[in-house]
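Chains as they are written, first to last, in this note's numbering: chain A, 651 to 967; chain B, 30 to 698; chain C, 9 to 495; chain D, 2 to 221.
Check the hints yourself; a few may be wrong.
What the hints assert, rightly or not - Calculated lysine to any residue pairs in the SDA-like style (CA-CA distance at most 25 Å, straight line):
1) B:Lys451 - A:Leu832
2) D:Lys173 - C:Gly216
3) D:Lys118 - B:Leu692
4) A:Lys706 - B:His578
5) A:Lys680 - A:Tyr697
6) A:Lys937 - A:Leu927
7) D:Lys118 - B:Ile696
8) A:Lys706 - B:Ile696
9) D:Lys173 - D:Ala121
10) B:Lys451 - A:Ile949
11) D:Lys173 - C:Ala55
12) A:Lys682 - A:Leu666
What the hints assert, rightly or not - Footprint (simulated), chain B over chain A, 3 or more residues, beta carbon under 8 Å:
13) 750 to 761
14) 774 to 782
Calculated from the structure, these hints are not laboratory results.
Please read these numbers as outputs of a predicted model, since none were measured by experiment.
In this text, a Cβ means the ideal position worked out from N, Cα and C, and glycines have one as well.
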Amino acid sequence: MALIPDLAVQGVQMLLVLALAPLLLGFTRKVKARMLRRRGPPLLQPYRDLLRLIRKEAVIAENASWLFRSGPYMIFAATWVAAALVPTFATGLTFSWAADLIAITALLGSARFFLALVGMDIGTSFGGIGSSREMMFASLAEPAMIMIVFTVALIAGSTQLSTIAHFILTNASLRVSLGLALVALIIVAIAENARIPVDNPATHLELTMVHEAMVLEYSGRHLAMIELASAVKLLLYVSLIACIFFPWGLAPPDADLRAFAVGAVSYLIKLLVGGFLLVLFETSIAKMRVFRVPDFLGIAFMLGLLGTLLRFVSGSF
Amino acid sequence: MPVAMALTGVAALLATSLIAALLQRLRGASRLVYLICSIVCVVLLGLACSQLLAPAHPAPTMALPIGLPWIGAHFRIDALSAFFLLVTNLGGAGASLFAIGYGAHETAPGRVLPFYPAFLAGMNLVVLADDAFAFLVAWEFMSLSSWALVMSHHADGENRRAGYIYIVMASFGTLMLLLGFGLLAGAGGGYTFSEIRSVAAAVLPGLTLTLVLIGTGSKAGLVPLHVWLPLAHPAAPSHVSALMSGVMTKVAVYGFVRIVFDLMGPAAWWWSIPVIGIAGITCVMGVLSALMQHDLKRLLAYHSVENIGIIFIGLGLALAFSAYGMQAPAALALTAALFHVFNHCLFKSLLFFGAGAVLNATGERDMEHLGGLIHNMPLTALAFLTGCTAISALPPLNGFVSEWLTFQAILLSPALPSWGLKLLVPAVGAMLALSAALAAACFVKAFGVTFLGRPRTPRAAGAGETERASLAAMLAFALFCLLSGLLPGLCIDSLAPVTHALVGAHMPTQTAMPWLSIVPIAESRSSYNGLLLFAFIVLSTLATIEVIHRFASRQVRRAPAWDCGFPDPSPATQYTADSFAQPIRRVFGSVVFRATESIDMPPPEDGRASRMIVIVRDLVWEALYAPIAGIVETVAERLNRLQFLTIRQYLSLVFVALVGLLLVVSIWP
Amino acid sequence: MVSPALLNPMLDALSAVLVIPAAGAVALALLPGYWLSARLNVLVSFATLLAAVSMLLERPVPGTFLFVDDLNIVFVVLTAFVAFTTSAFSASYIGHELASGRLTPRYLRFYHAMYQTLMFAMNLGLLANNIGLMWVAVELATLTTVLMVGIYRTHEAIEAAWKYFILGSVGIALALFGTILVYMAARPVLGEGQDAMVWTTLIKQSSGLSPELLNVAFVFLMLGYGTKVGLAPLHAWLPDAHAEGPTPISAVLSGLLLNVALYALLRFKMLLAGNPAAVAPGSLMVTMGLLSLIFAGFMLYRRRDIKRMFAYSSIEHMGLITFAFGMGGPLANFAGLLHMSMHSLTKSAIFFAVGHIAQAKGTQRMAEIRGLTESHPVLGWGLVLGVVAIAGLPPLGIFMSEFLIVSSTFARAPLLALLLVLGLLIAFGALLLRLSEVAFGEPTGSTAPVKASYAPLFAHLALVLAAGIYLPAPLVAWFQTVARLLG
Amino acid sequence: MTGAWFDIAHMLAGGLVLLSLMLLYQDRMFALLNVFALHAVLLSLSVAWQAQVQHAPHLYITALIALVLKAVVIPVALRRIVVRLGIHRTIETVVGVGPTMLAGMGLVALSMVVMLKATAQADPLAREDLAFALSVVLLGLLMMVTRRNAVSQVVGFMSLENGMILAATGAKGMPLVVEISVAFSVLIAFIVIGVFLFRIRERFDSVDVGALDAFRGERW
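Extracted from the complex, chain A is given alone in its bound form (with noise of 0.2 Å):
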């Protein structure tokens, strides 16, 4: 296949999940608001947050280190790589295949270690909580996540995403396997986004933050940063979500304009009905105990080992 095309079609790619990854966290707030009977900010509001935050001076605490200061901008260029590298409209991008799910996992797991470790880095007793409970958080959510890739890595026979898609779209037929990675999917997803119950991303209570905690110390541009990190980081769970398991629409490889535009239609509509699902969940359930995390988490994981025990037994599962 022609390669310039090909990186034109992965730089939209890339573009578009930076773009629509702001719309996504305005569309939940916005509707969370609605649900709550409030009229809640403009659709648009996360994109002007970004702008006046990128525009202000950034305030540093005396005792900050490199670490801390170039940190924010290794979070994002991680996370956003990890979302370049899911199809959202279109399967067998060009670099598609320099990191299956696994190394998109990892990338994930590599965005959060440095994010812990700039938690620590001005040596605040929030910091330390934020870190290590996130790593706590993450010493399950990981393991969940690489047995649910298994899960599915053993139903397509591949761990490779694209591959994975056009699986699932031209076998499709419902397995029990599937259905429990999907649970433990949802339940990891909700996680390492720091949404309730596990976390809630709107509060600043001191002990119930998480993720707040870790960069209590970041303001300005870097906090801009951490923000958009964490905006692409929903929007790419969301997408693979969709990707894996409801891939239709996907525009195949090498394909005409008009399949590009369906793929793209149908990515938006995901992304909205993901977005609103989230939203109903959350505001049908209360903000969990730190300690009560590890089971919910732990149920992931139990779901996960079990498709890829029935996957090892027997591949009719």
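Position chains B, C and D relative to chain A; hints supplied.
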């Protein structure tokens, strides 16, 4: 004649240790010794590379008229030995280079210098040996010299205890190996490896496998034989710890591979089950124990246990695959294991170097007394951070690649017909995933508490950057970590002859792949391209920075930490290592370590501070080793009464023996 | 009737090995002054060594009383060598004893005379071609050592000597009864008189002797000479005799006298091995060897006196050697011989070191000896090396023999090998535990440098190291022939 | 040889066994010494008889040594020791006389079985002799084991050694018998001197183990 060259190198090392024994008093002796060591190691490294990249057929051998008289000492460099020779001397060279700077601070050089080259020589000899006797001599010599190094700071009773446990475990392992070789060689005493190979199938393979697993596992640190490791590795000077953790454990892996894959003949499927099972448990136990530590070097040592587990998972899978004749997957699994051997040698040495540098700069190993070192030791911090990222299996560094390969191998294992494996492998895969995630947590803790935050003690505050030579070693290894992460194809291809010799196949040539990405089986199935990923990340980072700094603000204001409005001046309020691990301890520790937390809250009137007591127990020690020690103690005590009998009672012993024997004779047919 | 063979006018090497120490004993008994006598002692021992070595070159013809064959020449040369180095050690050791007033010049003269008498007795026992003569020689050796063990005249010393004396006498008596029984067994075949007790003729006719009688005889011989070897449960005299006597004597006891007794045992084992109908002596030796090994291993843990500890380690190694010879077969026998020579060298070296250490620290209690490598580096590292060697770590010689014993046993009798390994591990643990206390840690006691000649110590260790790395071919061939002799 | 010769030798040897049993039975010092003297006399008789039978004149020397040393000198010496140690009233046996006697019987039986089984083809005189000798040896050992007192143990050892001499002389034409008996006498002399010099009374079997610990140089 490569073998002769290698042996010359070894001889040079031994000579160096003699010289060191004589010249230890001299000023600059340590620089000289370490310089010689690093040069010799580099030479051997080159030799190993040449042998690995262009293996001679048949493998060059050499026999010296020493050792067992009627056998002599045989040495051989085939692909496998070449690879491990490479690993050994890579680690050796790095450690020696590091020690050129580090060794200057040694308080008792006379107890380190003579044994350090001997230790290197011993490890090289193990890899070179081609008959059972030479192998065991080298093996035990390695243990002996490292024991001397562990004992180098003997004033501390803890170190003496560590050394004692170490040497006992080591010789226990050696005796097990000895028995194993006894089985392999048979009553005839055919001790050369070629003779052992020529025997079609091992007698009592189960027993042999057990013995070998115990023998090599006790040196590599498989649970539950790992107890000596977290004691002994930290006790030694840091560059030696780096060697012990980064290289000696790999030599143990070599022993296992050599015997099980090479000498024991065709594998049976059930061999893999104990290996994989123990390996999985080792992973989790190792990393969890590491998380519980607040002594930096002990944390690293425990973490070696975890990595050994990962390596043995790969080896076990390779055994299973090759037992069922699935050569390509076997090659994949074996490659994963060996590549991880290489990687672990790199980043574990690097991390121990870092720990050593910190130890030199602050005189502290306890993380609770450190913190904020990133400001005074930026380069060390950078190198250490690279090591942490690599060992936590994060892309784009090398640790991730080998673990990724291991995952790919696991994903191939449903094809295995055995039901036991069908159930075992996914469970172990889960353990691997779990330990990978925990490793990340562990090294966030290690780096965050040691280098980030505010200094917890004046010594930490007053730290300075370490010597140039040491820095060079660390940065070089960091660079290697990055490179082998970006260009894994090269390493994988250079492993091809090894896997080909052991399991009869090798992975597809990676350097032929487009864009230098690695593809274990087929691109549609799975592929990974570290280089591209790295380029991506770097580019997008730069782009973002560029954009923001150009079109948005770039000014910075320094201010006191915000900390939700009430910042606390005292660094004591920071999260400590223990408190960082507390959530995980509550999740896992209560099961694995019977960890209990109790808070001692004084009544209102008395002024003492309230304390939190955390008790973490080592169940392996309590369940396995303490009873054995107890038994020996009691038996010794009971028998000891025989020392205090009277002559008449001794006579009656003789009398009873006589009468008893006479009775036997009289009733003898 | 011994005399004619000794006062043989033509002084061939054979009688020289006996006459030189005998004459030396007389001279030393007459000679006053310790400086001179110590030197003379060394000189005489050296002359004996020369004579012994000369026997390697040309074998004297076997007589009715004395003879030399491949087996006993190993022992003779070894004995002469260790005796020589030990005399050199004692020359530097005894001076201090005299200075510290533990010994008076009178006792010293007695000591030197007895030393040579002991050498004479041991050489006689080794070279005797007549089992009766061998018995007499061993008894003589026992008596002399008894006298030397008690030489300090302390309560402990006398008690140890007395215990040694009584147990030794009983053992000797049992051995005699065994000897008589052998004669009885041989008489019908070889007729009355000399021949029935002459070794060379006995071994020729071994297949014809009455097996039942031989069995009974071997029981007595095993217990009799086994007492001297120090096999459990007949070992009781050994630790105290080592601990309370002068250190050179401990070295000689461990390094040589035990070997002589073992040699006697081996002779009779060959006799039984030559007789198909007789019960195989191996099983008995294996049992007692294993018993001693494990028992001594456990006993090592509770020791507080450094010399007594190494005495127990001698029991352990004697057990191991007996085990090896009991297993038989070319490999095991070779290993047994090798182990025996290595043990003699190493153990005597250890006692050299221990002697100087005890003098430097003024105590034998390990609790009061700490951090030797700090306070007395040369001695300390010497001790470390010795213990490492005796514990069977490479590259020192004992590792090779243990390697051969264990691996060859495991192929033939796995269970026995496991027990063997168990015993070795137990002993190893105990030795290293004590070593890491004594040689390392904060030094205690006096750190005053000792004036001592380290030559004997390091000569032995160097030999052991060399043997561990490279065994010269002729030695190997020779050991192999002996191993074949032992069947 | 004729039956009479044989019977006499037989009778003498048997007498020795009987006396050994009597030694076991004695519980008074002086009586013990007397019985032992008798033992020695009987031994010298049997040795002399063997010399006669075997036409081996050198055995007379052995007989003489036995007579002079064991029947006269040593008993006298021991008597003096007993007196000066003041132990002529006491004999502390470890187990009672009854069991000891039973054990003695058992030992005699055992030695009979062993010897007669082992020496099937040897000539009868030698067989009987050996069997008796072995039982004397075992009884002597038993005595050493069951007596606490140094002197009585010396006696036990000497009776054991008598058994040796009996066996040695019984073994027809055995060389070095004289040397051996001389060597043994030296041994005995040493023991007696030892007892005499070092006042060894309880050293054989100190009742108080604490004292022994000191001697072992352990447990300070």
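Checklist entry - Among all the numbered hints in the text so far, which are the ones the structure does not match? => result 8, 11
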